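Colleague: Residue numbers (our numbering), protein chains in the order written: chain A, 22 to 298; chain Y, 22 to 298; chain P, 22 to 298.
Note that these hints are calculated values from the structure, not bench results.
Source: prediction; values computed, not measured.
One or more of the hints may lead you astray.
As the list claims (entries may be wrong) - Partial list, derived from the structure: chain A residues whose beta carbon lies under 7 Å from chain P: (1) 192; (2) 254; (3) 258.
What the hints assert, rightly or not - In silico DMTMM-like cross-links for lysine to aspartate or glutamate, where the CA-CA straight-line distance does not exceed 25 Å: (4) 168(P) - 222(P); (5) 216(Y) - 222(A); (6) 257(A) - 221(P); (7) 272(Y) - 261(P); (8) 168(Y) - 106(Y); (9) 216(A) - 270(P); (10) 257(Y) - 269(A); (11) 257(A) - 270(P); (12) 216(A) - 213(Y); (13) 43(Y) - 106(Y).
Every residue gets a Cβ at the ideal spot worked out from N, C-alpha and C, and that includes glycine.
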Amino acid sequence: PPSPLQPPGLPLAPCRSFSNNKIQVELNESSGVAMMKFKSPPVNSLSLEFLTEFSISLEKLENNRACRGVIITSALPKVFSSGLDITEMCGKSMEHYTEFWRAVQEMWLRLYGSNMVTVAAVNGSSPAGGCLVALSCDYRIMAENPKFSIGLNEAQLGIVAPFWFKETFVNVVGHRVAERSLQLGSLHPAPEALKLGLVDELVPEEKLMEKAAAVMAQWLALPDHARQLTKTMMRKAVLDRLVAHREEDIKNFVSFISKESIQKSLRMYMEMLKKRK
Amino acid sequence: PPSPLQPPGLPLAPCRSFSNNKIQVELNESSGVAMMKFKSPPVNSLSLEFLTEFSISLEKLENNRACRGVIITSALPKVFSSGLDITEMCGKSMEHYTEFWRAVQEMWLRLYGSNMVTVAAVNGSSPAGGCLVALSCDYRIMAENPKFSIGLNEAQLGIVAPFWFKETFVNVVGHRVAERSLQLGSLHPAPEALKLGLVDELVPEEKLMEKAAAVMAQWLALPDHARQLTKTMMRKAVLDRLVAHREEDIKNFVSFISKESIQKSLRMYMEMLKKRK
Amino acid sequence: PPSPLQPPGLPLAPCRSFSNNKIQVELNESSGVAMMKFKSPPVNSLSLEFLTEFSISLEKLENNRACRGVIITSALPKVFSSGLDITEMCGKSMEHYTEFWRAVQEMWLRLYGSNMVTVAAVNGSSPAGGCLVALSCDYRIMAENPKFSIGLNEAQLGIVAPFWFKETFVNVVGHRVAERSLQLGSLHPAPEALKLGLVDELVPEEKLMEKAAAVMAQWLALPDHARQLTKTMMRKAVLDRLVAHREEDIKNFVSFISKESIQKSLRMYMEMLKKRK
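Isolated chain A (complex conformation) (with noise of 0.2 Å):
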């Protein structure tokens, strides 16, 4: 039987296996389509170690002529991503929130703008972080599952998506959607999410792997050249933006993460997560 790393549909073939911490990362040279399974428990926080693990497996991915297409899911059961990890942002030196703000804009930068096609198979939850990383690929599948929920709900937490987030979202649910939905810090059940174009369609979770290796394929069906430049029209402006901006960013990012009331407020809301374990 086929290794459940294996997309259904694909003929067998050799795997490359790049073995890491967080990241599970497998190649399947013959379809061209690699497999990124998040597997960093309880909840794959983007740590600095997890965010720094999949800017290289990106690279790599990147720099590798085998590689075409990369699905990007959990290993864990429930959760895709449950965000930035806010043991980063709390407590900490000024040199490490400079260290990991620009770990999260390093990632981001190579997934949004990856060559690659990027198919996200959110096979749980996905707040914050993790719904960025969603947003960033091509193409979102979502288990049908409405206990699943998606959204960039920073507000909740008293904080502020910094604006390469917001256009990210902007870009794929519209302004209004956008405007609304993080002034609310909304995590979105998987049917909202479906109806609000979050995410682009729902299956059964037993199908989603199938499901995701089929819009690969599709995806794939189109020469590479074409493709990525067309990608790049799409998506240069934003890049560019948080590339203009990039040292910026940090500061801003530094300066208000920071601030004692909102280290209080990261206090308080880790307080709350520990009482409902």
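Once you've looked at the hints, dock chains Y and P against the given chain A.
Modeller: Chains Y and P only, in chain A's frame:
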């Protein structure tokens, strides 16, 4: 029984009333929600006096730390606001047009840029400037009466909505719907307005205030600071554009409205309105 | 009985016909509506000659004060327009590519920026440049035949739609739909095109001209001046962008299309088309 100005479901509390000629304002200091009711018969035209009161009321609430949100509605039956008062734009001096247009800009800058949560409870028809008021709020609830319509119908009068009306509209309904609706000067019946996204929901007229209070409570559940920064991020580009071109925009308006052909159109339109009665 | 070129429901009137090789134009001077029918067998390819005639016809109508609107349709069965003529882009000189691309730009600048009301009656398939023609009109009605499809499918041919095709598309369907559709080079069957907002409505093929005339009458009910200024306000940014970068856009096209890899793709595509017949 709660006063009709008291949003149902909120506890009874001392209300401070800012009494004015054209607009009734009551602030419930315990909920932090102000109720602003247009009461300028027959149709809540946005006259110079009305606009001035409107801006002053918004400023007072904005500066009152007890106020976090405002619900805007009409005290008159069947009409929310008929829009800019045509008599202010017809047969007057250049100085008058200048003063009037500055007041229109002022109102919009305050409302669209407000730090408060703004909910429009559209309990009647809302053409042109009346529609702009609704579009400038954070959320729009409309009475589900198909006889009530809403839209930027300036083109029907032979005049053109200024660029910031257009950009406010595009931010709500998107480019295509705005392009078509503005060129046709469409007034959309409530059900169509919902379909186009011009309003967020329809409720039976008798439930309008209850729903507005519930929506307000939902928005106020978020931390003010994060919500306000997010709102600014979404709206700043359009607000800045008017601030940067304010005098030029006034000149354009005054020179356009002073044209004999435009004056003639407006006189004919007023004649038609008189005959209708 | 009314001539087939006479929009039903409009009074019979003297029609002035501008006879051309590739496009039939008849202006009904009493209604102010011109009917423009593409009749360049087999598939209304946008050749240099066709584009030149198209621009000249638009210019003539634009300068004719008796003409206020134009309905654009095809005189051929099953196809509205197959888009840019590939033979003009294959195996020709740099000078030819330059002249050809300038003609494509010229057509679009005239059509997208037209002061007339422009209604596309899409009575057949409309890929690539054919889709651009429809997108550049004020309103799009399509025959509700699921065999007819429409879209900017350039990526399928290994080429990339220029930025102003993209921006015209985004202005109609929004960023997300455009991003996906352009990367996949999708040709959307009529029902899907309606759902995506790529066309405004579907009608049975035999009702297409009747509906186009009714829509035209609705748009012409507005005062020309206000409607034209509004249209300019909505479209000027995109038009200006091409005007400002016209020579650069030509250079990009010529250098891209001259590449041996692109020439090879186009030759293969033409071979495939020949075999299909």
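Colleague: Each hint needs a verdict: does it hold in this structure or not?
Modeller: These are the hints, each one checked on the structure:
Proximity of residue 192(A) to chain P holds as hinted, the smallest CB-CB distance being about 5 Å (cut-off 7 Å). The beta carbon of residue 254(A) comes within 6 Å of a beta carbon in chain P, closer than 7 Å, and the hint placing it at the interface holds. A hinted interface residue such as residue 258(A) counts as satisfied when its beta carbon comes closer than 7 Å to some beta carbon of chain P; here the least separation is about 10 Å, so the hint is violated. Between residue 168(P) and residue 222(P), the direct Cα distance comes to roughly 16 Å. Compliance with the 25 Å bound is thereby established for this hinted pair.
Restraint check: the Cα-Cα separation between residue 216(Y) and residue 222(A) comes to about 21 Å, which is no more than 25 Å; the hinted pair holds. A C-alpha spacing of about 29 Å is found between residue 257(A) and residue 221(P), which places the hinted pair above 25 Å, so the restraint is violated. Proximity of residue 272(Y) to residue 261(P) is assessed by CA-CA distance (about 23 Å); at most 25 Å being required, the pair is judged to hold. Restraint check for residue 168(Y) and residue 106(Y): satisfied, since their Cα atoms lie roughly 22 Å apart, inside the 25 Å limit.
Of the supplied pair hints, the one linking residue 216(A) and residue 270(P) is violated, its CA atoms being roughly 38 Å apart against a limit of 25 Å. Simply put, residue 257(Y) and residue 269(A) have alpha-carbon atoms about 18 Å apart, close enough for the 25 Å limit, and the pair holds. Taken as a hint, the residue 257(A) and residue 270(P) pair is honoured in the structure, with Cα atoms around 17 Å apart against an allowance of 25 Å. Among the hinted pairs, residue 216(A) with residue 213(Y) is consistent with the structure: their alpha-carbon atoms are about 18 Å apart, no more than 25 Å.
Between the alpha carbons of residue 43(Y) and residue 106(Y) the distance comes to roughly 13 Å, so the proposed pair stays at or under 25 Å and holds.
Going down the numbered hints, you'll see the structure goes against 3, 6, 9, while the others check out.
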